[in-house]
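Residues per chain, in single letters:
2 protein chains.
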Amino acid sequence: MASSLIGRQLVLSLQKNMWLGAAGCRYVSKAAPQSRAECEYDGPSMKTSVPGPRSQELTKQLGEIQNVGAINFFCNYEESRGNYLVDVDGNRMLDIYTQISSIPIGYNHPALLKLMTNPNNLSTLVNRPALGILPPENFPDKITESLISVAPSGMTRVQTMACGSCSNENAYKAMFIWYRNKERGHNTPSEEDLNTCMINKSPGCPDLSILSFMGGFHGRTMGTLATTHSKAIHKLDVPSFDWPIAPFPTLQYPLEEFTRENEQEEARCLEEVEDLIVKWRQKGRPVAGIVIEPIQAEGGDNHASPNFFKGLRNIASKHGCAFHVDEVQTGGGTTGKFWAHEHWGMDDPADIVSFSKKLLTGGYYHKYELQADKPYRIFNTWMGDPTKNLILAEVLNVIRREQLLEEVNRSGKVLLNGLYDLQARYPGVLSRARGQGTFCAIDVCSDETRNSILLKARDKGILLGGCGDRSIRFRPALVFKEHHVHMFLNIFNDVLAQIK
Amino acid sequence: MASSLIGRQLVLSLQKNMWLGAAGCRYVSKAAPQSRAECEYDGPSMKTSVPGPRSQELTKQLGEIQNVGAINFFCNYEESRGNYLVDVDGNRMLDIYTQISSIPIGYNHPALLKLMTNPNNLSTLVNRPALGILPPENFPDKITESLISVAPSGMTRVQTMACGSCSNENAYKAMFIWYRNKERGHNTPSEEDLNTCMINKSPGCPDLSILSFMGGFHGRTMGTLATTHSKAIHKLDVPSFDWPIAPFPTLQYPLEEFTRENEQEEARCLEEVEDLIVKWRQKGRPVAGIVIEPIQAEGGDNHASPNFFKGLRNIASKHGCAFHVDEVQTGGGTTGKFWAHEHWGMDDPADIVSFSKKLLTGGYYHKYELQADKPYRIFNTWMGDPTKNLILAEVLNVIRREQLLEEVNRSGKVLLNGLYDLQARYPGVLSRARGQGTFCAIDVCSDETRNSILLKARDKGILLGGCGDRSIRFRPALVFKEHHVHMFLNIFNDVLAQIK
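For the protein sequence lines, the chains are W and R, in the order given. Each number in the working numbering corresponds to the 1-based position in the first sequence with 992 added. Each number in the working numbering corresponds to the 1-based position in the second sequence with 992 added.
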């Protein structure tokens, strides 16, 4: 344990609010030197408990306009840098939650500031096109340079969308359209199809289904919400579809110590998937597609083995269902590979891969067969936002230039080992440390203790998020380096020491 | 007719491609002088037929990545100005479709260019927050300055969202939550509610419905799509809900000439609405909310009278259904009032008003009762985009400063009168001219002729859109002035003269 933590004195000095201007950067950890490109603060700095008085005042003001029950605090994004989020009370926190895992390369990265001051990009910012009908000249190039340059194996086609839910909604629609055309044997709808669909009735609006997994999260619009099963508060009171829900494997961690038990659990779940597909076909609601996250994120950071996903992919093929991998939270490099599904080592991992968050734009990749046969079937006014494509292209440049995937792998190892150490040290409090890259999590003995740890850590300058019933999820940006890990582990250790 | 059109010679001179640089503006119509703030081109200028060779080349390139069946042409947004959209082949078109009605104050408005070069706004562009948990300091002020400053009567609360579909999806969810709490008599779900909702079953996922209208368009995600009934291609092959669909009045135009007939038609539709509400309650799928557009836009620019909407509002109240007015296409000033529902003259026009397009951000206003009782019920990662709020605030400043609503009313009158003239002149081709402000439409004798007119007009430098089965919809920006109307009418007249 001790070896992975920097000295108490250094941590204390880090908390002395020493601000580094844009010009001067210094090393804060000999173990993991900062790159020259990174200009950020040298540690957290807390002036008030969080939310401080100014945040409380603004929360009250916003409360006149919106429900503010979920507001943590208000931020000073101008002053935030790299891994550090600054709030309106002058508190500076090491951000290991990054706007629900949606900030790829930290706050105010110099490359992005430069990009946004380039006058050539001005027109993109003020003229938002209807991309599906009147794209800008540079649209094919920007898409090629950004999304296509990181396309999953076997996929050359991509459709952008405005957010994660819309990405999955449209991916589901693509799977339904593909499935119905397969059933028809051709692409020409009947008169009955055309007439009945206008009044929401079968066969035009067919009784097809998407198979999802208990604990999964795929969005909150009504189609995606029917496949989300992580927390009741997301689903309560909203009408839904009669679609099959399979168990996601409940594995024991560390995975390598429970190989046999976990294999059995995964085999049980795969069997259940196959049973459900048969059952739903029999009841007249065939499964058009299977949707799954490579790691169930919102639902509690539940992992499964490459073999499980390979098995699932085979079951999908066998039964003629499309296979949709939802990488909205796992995509963008945080697991140590650009896409989490790359860890499965498959040439043909999926028919559809959806994304959002760290990719800055929503959207989905798909195989050629999954492209809607006619225009205006997958369509809306904006279909994404070229401003976000522009930023994404530069983010990808930074990821390559600063070799951030290697960074994630380095930091991730230190983080996971640190979590193993901590759970050994606090066995009554922590358990089930797990992760891939910096996409890590650990369980806490109870929901109550978990929440208390999150608040205490925040008041010490560490911003974390929960997931599942009693997990803490770690979602740093890709610029989270070894020295940040050490800083976190030290402070987290202090917090845990205060928990009885 | 003649009096409303400027001379042929002037039109010809307008087409001589005279480019006005940012510094120099000149008057092109004595009848309607341009304001000094507006620096744009003095007319359309066509170099190729559309799409030109460069557009075709880019379409082929994009075709390797996406379905390009809906692509009209590729644009040069840098060179576009005000009401003129320039394409990649150097063609300059008077844009009366404005990216499916989503450009409020024209292309590259100087005020927006200035806004986006203000270094104070840089941080907003590169740090997209999770607005529901960590808003920026200026968020309450920006929302107050923008959306709240134009809030519909009786509404003080607003929730931003990323796009139109998401806005309506979340508005529906808000209505369902409100309705279920009303049924319960309190806000505390039962154990059964919490358990059943996780597996998509009633009572947790209740059998509630939204009543919508035939011909309506409310979006393409699965919840909103169940209320969209404008074209089969939008709905085909996508599973849907068993929700009631009422007839929208089919009125005769001009409205003032068919008062009695239209009143009868509206009474018939209101009666049907009430019957459907009773019927759906009896079959165990109570109507939680009614959703309607003030003018059915995508569905063919179908109007109804203020009395119809008042009657509908009363029926909603009587039966305990929420009343949701979808202003995604009608909102933002284009009907001559900021919200189309203002034409109804009601103090309490709706429980929910949704918006997107010209408002640049999606979202919905709602009455206090329609606010979800707990956080995280109406929620997603981004919940809008502060960059769009920033631009919207400035757009509203421009609308006020340049008195654009007055402009819309002036131009709208000239446009509608011009359309009346044209349909008198071409009675075999045009009929049913109608509109509010510049939100106008006219019917063409057939789908085929309509499409031919749209293409011919485009090749003469006028960009228009279709809607419904055989309508042309006019959707200029708010900076569309009288002289633009005259220019359009002249060229459109030429096009019509070529139609046999």
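Honestly, the hints are just simulated from the structure, not real lab data. Model, not experiment: these values are computed from the prediction. Keep in mind that the hints are not guaranteed to be accurate.
Given that identical chains are not distinguished, each listed pair holds provided it fits within a single copy or across any two copies.
[To be verified] DSSO-like, lysine-lysine: derived pairs with alpha carbons at most 27 Å apart:
(1) K1134 x K1452
(2) K1302 x K1452
(3) K1174 x K1223
(4) K1134 x K1052
(5) K1223 x K1366
Hint-by-hint comparison with the structure:
Taking CA atoms no more than 27 Å apart as the test, K1134 paired with K1452 passes in neither setting, with 41 Å inside one copy and 31 Å between copies. In this assembly of identical chains, the alpha carbons of K1302 and K1452 never lie at most 27 Å apart, being 43 Å within a copy and 56 Å across copies at closest. Taking the shortest Cα distances, K1174 and K1223 sit within 27 Å of each other only across copies (22 Å), while inside one copy they are farther apart (35 Å). In this homomeric assembly, K1134 and K1052 come within 27 Å of each other (Cα to Cα) only across copies, at 15 Å, whereas the closest approach inside a single copy is 42 Å.
Proximity of K1223 to K1366 under the C-alpha cut-off of 27 Å is restricted to the inter-copy arrangement: shortest distance 14 Å between copies versus 37 Å within a copy.
In this structure, the earlier hints numbered 1 and 2 are contradicted, and the remaining ones agree with it.
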